[in-house]
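With the sequences and hints as input, model every part of the structure.
These are the residues of each chain, in order.
2 protein chains.
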Amino acid sequence: MDITVAIDAMGGDHGPHVTVPAALAYLKRDAEVNIVLVGLAEVIEAELRSLKVSVTSRLRIHHASEVVTMDDPPALSLRNKKDSSMRVAINLVKTGEANACVSAGNTGALMAISRFVLKMLPGIERPAIAGMMPTLNGHTHVLDLGANVDCTANHLLQFAVMGAMLVSAVEHKEAPTVGLLNIGEEDIKGNEVVKQTAELLRQSHLNFHGNVEGNDIYKGTTDVVVCDGFVGNVALKASEGLVQMLATFLRQEFKRNILTHLAGLIAYPVLSAFKKRLDHRRYNGASLLGLRGVVVKSHGSADSFAFQFAIERAVEEVRNGVLRRINEQMAMLNEEKA
Amino acid sequence: MDITVAIDAMGGDHGPHVTVPAALAYLKRDAEVNIVLVGLAEVIEAELRSLKVSVTSRLRIHHASEVVTMDDPPALSLRNKKDSSMRVAINLVKTGEANACVSAGNTGALMAISRFVLKMLPGIERPAIAGMMPTLNGHTHVLDLGANVDCTANHLLQFAVMGAMLVSAVEHKEAPTVGLLNIGEEDIKGNEVVKQTAELLRQSHLNFHGNVEGNDIYKGTTDVVVCDGFVGNVALKASEGLVQMLATFLRQEFKRNILTHLAGLIAYPVLSAFKKRLDHRRYNGASLLGLRGVVVKSHGSADSFAFQFAIERAVEEVRNGVLRRINEQMAMLNEEKA
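Protein chains in written order, with UniProt numbering: chain A, 1 to 338; chain B, 1 to 338.
The hints are simulated quantities; they were obtained by calculation from the structure and are not laboratory data. Beta carbons are placed, not taken as given, at the ideal position from N, Cα and C, and that holds for glycine. Take these hints with a grain of salt, some might be off.
Unchecked claim - Calculated Cβ distances over 12 Å to all of chain A for the following chain B residues: (1) K28; (2) A46; (3) D150; (4) S204; (5) K219; (6) L265; (7) P269; (8) N320.
As the list claims (entries may be wrong) - Cβ pair distances, simulated, as ranges: (9) B:Q244 - A:G184: 13 to 21 Å; (10) A:M120 - B:T152: 56 to 64 Å; (11) A:F116 - B:G321: 29 to 37 Å; (12) B:P73 - A:A25: 37 to 45 Å; (13) A:G138 - B:D71: 29 to 37 Å; (14) B:R202 - A:A75: 18 to 26 Å; (15) A:A75 - B:I266: 52 to 60 Å.
Stated by the list, open to error - Cβ-to-Cβ under 8 Å is the rule here; a few derived chain B residues that face chain A: (16) L59; (17) G214; (18) A263; (19) A267; (20) F274.
Shown next, in the form of structure tokens:
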């Protein structure tokens with residue numbers, strides 16, 4: 001199965017310096033994939049020249065004259081930058097010239113443009129951002145990570161369907177377990193929306209584990225953790241902040257004096273292995289779910305190594321029919337309701 | 001200033017085995033403090049005997065015939081256990097025989113009983129749980145950590161007042177900075193409640209920093225971080241889960257083989273210093289704010305070292321008039337509105 005990925009080559013903090021080498025590296029890894037680099041042709045060509053590579057049948061350039069910046073308000077990017085690399089890459093998915101789009105650009109703009117151009121899948125009211133987080137026993141998928149701040153129980157139910165189908169597609173799990181993020185495991189805990197969602201999930205055909213708490217994310221209690229975008233985003237950002245604080249404290253302790261410096265040198269291979277195990281670059285690539293097309297958001301600061309994981313995520317979603325799976329499940333859900 | 005603290009001696013996973021030694025140790029540290037140990041007199045006396053200590057003018061026992069367990073539903077604890085150590089300790093605050101109550105018991109029951117017995121301060125609609133979290137530059141105070149799952153903008157404004165006054169009392173800061181937990185720093189971000197709260201905070205006399213994100217908690221961007229109890233609880237529990245996962249990974253890496261074991265031995269003093277710096281026992285003691293009395297909740301699993309921090313927190317709140325400060329600020333707030 002040939003898969004074509006449209007890459008917003010200008011997106012992210014480093015633009016073509018990252019997206020172009022990542023595309024080249026990915027093409028070597030997966031012979032079934034073709035890549036379209038979308039953006040300012042001159043700049044992309046210059047990057048290819050500097051890497052001593054030229055376009056091939058599997059790698060082509062699609063010119064787009066504008067660039068969405070990290071500071072552009074989503075609404076303005078949508079209205080005023082119709083020839084942006086981001087928008088043109090999404091258009092290629094719309095027209096069927098590409099099977100998926102990957103961008104490290106402005107999340108709000110990517111969400112707004114994707115939604116406007118691709119539209120939502122039947123029965124899905126809101127798109128959600130799903131990301132992977134490391135756990136004691138592997139990893140889990142959390143959604144929504146920030147697309148929706150006010151959610152109804154039906155929205156959360158749809159997120160659960162999308163998250164479960166994402167995991168079934170990219171991890172080949174038949175019936176992924178779904179946990180509902182709450183502040184206690186008991187049914188009576190939580191706010192009204194969460195209680196209603198639990199009821200809907202219990203009635204659904206999904207493999208609903210029940211309520212989970214914040215610590216269950218990292219315990220890996222379930223394959224999928226469902227929450228609204230406000231809570232998901234706070235949990236994600238708080239985790240990032242905590243890891244940064246711990247890393248700083250650890251560095252400071254090892255730099256305290258000559259003995260601790262020496263201990264640090266001796267422990268270096270162990271600390272490196274520890275760090276590698278948590279390497280957030282391996283978790284790069286958040287799925288924008290609910291759209292009539294596969295769109296993956298890379299972290300803006302991703303390097304080439306990290307960006308390849310975002311491409312891989314997009315390829316796996318296409319290869320394993322995540323959209324078809326979501327459609328099938330939504331149809332089942334509607335039958336259950338009827 | 002003499003301060004009397006009523007301790008629910010039966011509360012927590014370890015009951016008098018922790019609360020009694022902690023009380024004794026605290027009395028040695030602070031000559032202005034008296035402690036009333038509330039609970040089953042026989043059990044407390046046995047604990048004192050085993051420690052070869054007897055009651056004094058500064059340490060007395062107040063018998064209470066019942067105990068609230070960790071599994072007791074809050075409503076039943078309130079209705080059926082009128083002579084529980086928890087309730088009697090709170091009653092002592094109500095009658096003025098004690099200035100504060102400290103309990104490591106069931107949080108829900110402590111909240112329900114405190115609210116029923118002590119009532120709320122004028123103008124405060126909901127009690128909130130405020131806890132201290134470590135940051136890059138010290139620590140910050142986050143509230144609410146789980147008492148309220150559905151909050152209005154006015155509730156969050158009241159939390160901000162209470163949090164700021166807590167910090168002004170226990171850390172002697174004149175105008176503590178207040179951050180509103182959100183999913184972006186821009187004013188337009190967030191849900192409706194948060195946007196309204198930001199507006200109220202901007203109009204208030206508080207030192208409002210603006211929106212903060214999850215990572216700002218650990219950066220220590222503000223002295224106080226305000227959020228609803230659902231978000232606060234998820235952030236807290238996710239952080240606990242993350243730290244446990246990281247600690248497990250680090251242990252696993254140091255136990256991989258004989259060389260890594262050796263590196264671990266050499267790095268041990270550094271890793272210990274690191275661990276000590278993060279010692280959650282130093283952060284033990286969450287304030288139940290908004291009540292007409294000082295109530296501090298210790299973690300259920302606290303040891304004697306940790307429990308002393310909860311006692312200290314209660315003493316400092318009384319000593320520095322946290323209730324008076326909240327009352328004054330609420331009066332100012334009402335004037336501003338009028």
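Here is what the structure says about each hint:
Residue placement check: K28 (chain B) keeps its beta carbon more than 12 Å from all beta carbons of chain A (closest about 31 Å). For A46 (chain B), the shortest C-beta to C-beta distance to chain A comes to about 34 Å, beyond the 12 Å cut-off, and the non-interface label holds. With 12 Å as the threshold on Cβ separation, the claim that D150 (chain B) sits away from chain A is violated: the shortest Cβ distance comes to roughly 5 Å. No beta-carbon of chain A comes within 12 Å of the beta-carbon of S204 (chain B); the shortest separation is about 23 Å.
The claim that K219 (chain B) is not at the interface with chain A is violated, since a C-beta of that chain comes within 12 Å of its own (minimum 6 Å). L265 (chain B), annotated as away from the interface, has a beta carbon of chain A within 12 Å; the closest lies near 10 Å. The Cβ of P269 (chain B) sits about 7 Å from the closest Cβ of chain A, inside the 12 Å cut-off, so the non-interface label is violated. Every Cβ of chain A is farther than 12 Å from the Cβ of N320 (chain B); the closest lies at roughly 28 Å, confirming the non-interface assignment.
About 18 Å separates the C-beta atoms of Q244 (chain B) and G184 (chain A), a value consistent with the hinted range of 13 to 21 Å. Roughly 31 Å separates the CB atoms of M120 (chain A) and T152 (chain B), a value that falls outside the hinted 56 to 64 Å. Under the hint 29 to 37 Å, the C-beta atoms of F116 (chain A) and G321 (chain B), about 56 Å apart, miss the expected range. The given range of 37 to 45 Å is broken by P73 (chain B) and A25 (chain A), whose C-beta atoms sit roughly 57 Å from each other.
About 32 Å separates the C-beta atoms of G138 (chain A) and D71 (chain B), a value consistent with the hinted range of 29 to 37 Å. A C-beta distance of roughly 24 Å is found between R202 (chain B) and A75 (chain A), which places it inside the suggested range of 18 to 26 Å. The supplied range of 52 to 60 Å is met by A75 (chain A) and I266 (chain B), whose beta-carbon atoms lie about 57 Å from each other. A cut of 8 Å between beta carbons decides the hint on L59 (chain B): the least distance to chain A is about 36 Å, and the hint is violated.
Checking G214 (chain B) against chain A by beta carbon gives a least distance of about 3 Å; that is within 8 Å, so the hint holds. For A263 (chain B), the shortest C-beta to C-beta distance to chain A is roughly 5 Å, which falls under 8 Å, so the interface hint holds. With a least beta-carbon distance of about 4 Å to chain A, the hint placing A267 (chain B) at the interface is held under the 8 Å criterion. For F274 (chain B), the interface hint holds, since its Cβ comes within 8 Å of a Cβ in chain A; the closest pair sits about 5 Å apart.
Violation of the numbered hints given earlier is confined to hints 3, 5, 6, 7, 10, 11, 12, 16; the remaining hints are satisfied by the structure.
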